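Enquirer: Chain by chain, the residues run as shown.
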Amino acid sequence: MAGSALKRLMAEYKQLTLNPPEGIIAGPVDEENFFEWEALITGPDETYFEGGVFPASLTFPPDYPLSPPKMKFTCDIFHPNIYNDGKVCISILHAPGDDPMGYESSAERWSPVQSVEKILLSVVSMLAEPNDESAANVDAAKTWRDNRPKFAEIAERTVKQSLGLL
Amino acid sequence: MAEEKENFAYDPEVNYDEATLAQQKKIEQQIVTEQSLISERVDFSELEDEYAKDEVFQLKIKDLKSKYACMRKIRGDGNCFYRAFGFAYMEKLLSDPTEFKRFQAVARQSKDDLVALGFQQFTIEDFHDTFMEVIDKVEQNCSLEDLLQVFNDQVYSDYLVVYLRLLVSGYLQKEKDFFINFMEGGQSVKEFCNHEVEPMSKESDHIHIIALTSAIDVPVRIEYMDRGGDNVNAHDFPEGSSPKVTLIYRPGHYDILYTL
Numbered sequence: 001m002a003g004s005a006l007k008r009l010m011a012e013y014k015q016l017t018l019n020p021p022e023g024i025i026a027g028p029v030d031e032e033n034f035f036e037w038e039a040l041i042t043g044p045d046e047t048y049f050e051g052g053v054f055p056a057s058l059t060f061p062p063d064y065p066l067s068p069p070k071m072k073f074t075c076d077i078f079h080p081n082i083y084n085d086g087k088v089c090i091s092i093l094h095a096p097g098d099d100p101m102g103y104e105s106s107a108e109r110w111s112p113v114q115s116v117e118k119i120l121l122s123v124v125s126m127l128a129e130p131n132d133e134s135a136a137n138v139d140a141a142k143t144w145r146d147n148r149p150k151f152a153e154i155a156e157r158t159v160k161q162s163l164g165l166l
Numbered sequence: 001m002a003e004e005k006e007n008f009a010y011d012p013e014v015n016y017d018e019a020t021l022a023q024q025k026k027i028e029q030q031i032v033t034e035q036s037l038i039s040e041r042v043d044f045s046e047l048e049d050e051y052a053k054d055e056v057f058q059l060k061i062k063d064l065k066s067k068y069a070c071m072r073k074i075r076g077d078g079n080c081f082y083r084a085f086g087f088a089y090m091e092k093l094l095s096d097p098t099e100f101k102r103f104q105a106v107a108r109q110s111k112d113d114l115v116a117l118g119f120q121q122f123t124i125e126d127f128h129d130t131f132m133e134v135i136d137k138v139e140q141n142c143s144l145e146d147l148l149q150v151f152n153d154q155v156y157s158d159y160l161v162v163y164l165r166l167l168v169s170g171y172l173q174k175e176k177d178f179f180i181n182f183m184e185g186g187q188s189v190k191e192f193c194n195h196e197v198e199p200m201s202k203e204s205d206h207i208h209i210i211a212l213t214s215a216i217d218v219p220v221r222i223e224y225m226d227r228g229g230d231n232v233n234a235h236d237f238p239e240g241s242s243p244k245v246t247l248i249y250r251p252g253h254y255d256i257l258y259t260l
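Chains W and E, in that order, are what the protein sequence lines are.
Reminder that position 112 of the first sequence reads as 112 in UniProt numbering, one-by-one numbering, no gaps.
Reminder that position 104 of the second sequence reads as 104 in UniProt numbering, one-by-one numbering, no gaps.
Source of the hints: derived by calculation from the structure; they are not laboratory data.
Take these hints with a grain of salt, some might be off.
[To be verified] Stretches of chain W that chain E covers, calculated by requiring three or more beta carbons in the stretch to come under 8 Å of a beta carbon on chain E:
no.	stretch
1	3-12
2	111-118
3	129-140
[As the list claims (entries may be wrong)] Derived DSS-like pairs (lysine-lysine); straight-line CA-CA distance at most 27 Å:
no.	chain 1	residue 1	chain 2	residue 2
4	E	67	E	244
5	W	118	E	176
6	W	7	E	67
On a predicted model such as this, the values are computed, not experimentally measured, just so you know.
Where is the CB? At the ideal position from N, CA and C, for every residue including glycine.
With these hints in hand, go ahead and build the complete structure from the sequences.
Expert: Next up, the structure:
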């Protein structure tokens with residue numbers, strides 16, 4: 001049973017390579033270690049993050065998929081559900097018992113039948129629709145709620161930065 | 001403590017090192033027993049001690065002792081219903097070859113049924129493989145100790161729990177037109193499965209029990225030890241069936257019962 005996490009991660013990598021979801025690339029940093037992945041996520045069209053390409057890391061626990069991975073953007077990104085250090089805070093990344101309050105009741109939770117693909121798709125939706133009810137970055141949540149033009153301006157700068165244009 | 005120290009008299013006949021070791025071993029054993037996912041069969045004395053000051057529960061334990069020989073304690077980790085049910089049923093299968101044949105076919109088929117419901121194959125197959133591995137062990141007539149060992153191996157045991165959770169989720173989704181009537185706050189059946197069934201450590205309620213017993217057609221009796229009356233109250237799922245497995249429920253927790 002010791003190899004079950006590895007087996008599952010290899011299956012997920014294969015699945016993502018054969019059937020990549022639009023705007024997402026993900027895989028192990030080094031094929032010698034399937035527990036550390038990197039991902040590139042494209043900002044969804046018609047959102048403040050449109051056109052940006054944002055790098056992130058995924059770190060899987062030894063008992064994956066019983067427990068979820070941790071995900072962290074490795075670039076600067078100003079967003080209500082992303083901590084200052086880049087850590088992503090959405091419900092699908094939480095095991096039951098450590099769900100912070102404030103998730104919408106319909107939001108997806110982690111379970112062993114979720115997948116890297118489902119996480120990344122949830123992150124894309126999160127970029128499109130921030131949830132200011134459960135803020136990881138209070139400043140970003142406030143700006144999103146009270147000063148949308150300022151939020152748009154910061155997001156645009158983030159997009160340009162991600163493309164190496166700044 | 002201070003008084004004990006003052007009265008302490010060295011006894012040259014006693015080997016204190018050995019006594020210390022024995023005591024240490026006893027504590028270690030106690031921790032292992034207390035923390036095992038599924039215990040050996042035990043009598044009801046632990047339960048009596050636990051509720052020593054509770055007159056109502058003492059009466060209920062007396063009633064329990066008139067009907068049941070012993071119990072197995074299950075670790076309280078939110079998965080106890082699945083672990084208790086899974087182990088008690090597999091234990092039953094070791095001595096029931098006809099039921100075994102029926103269940104083996106149901107279990108084999110169940111993966112395709114889940115895929116047909118929309119579960120992605122690669123997310124469920126490791127759990128199904130592990131589940132079938134244990135069923136193969138039962139077919140090869142493994143010993144009860146082997147079965148207990150499998151269920152006490154954390155990862156192995158958790159994989160079995162996951163698969164039982166998936167069977168519950170699959171049945172609820174297949175019969176969603178019926179179960180939608182029991183959803184609260186406008187939740188869909190799929191959302192309920194995603195929040196309350198599929199994640200590990202989420203506790204089970206009647207709806208989970210009904211779904212699991214129906215999904216694999218294995219009736220269960222649950223003896224409820226709660227506040228009402230002086231006796232334990234038996235409830236069979238489904239009503240009027242002949243249960244293959246008997247569990248005891250105390251608020252928030254399930255253990256396995258064995259009849260006299």
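Enquirer: For every hint, state whether the structure bears it out.
Expert: Here is how each hint holds up against the structure:
| no. | hint | verdict |
| --- | --- | --- |
| 1 | 3-12 | holds (count 5) |
| 2 | 111-118 | holds (count 5) |
| 3 | 129-140 | violated (count 0) |
| 4 | 67/E to 244/E | holds, 16 Å |
| 5 | 118/W to 176/E | holds, 23 Å |
| 6 | 7/W to 67/E | violated, 47 Å |
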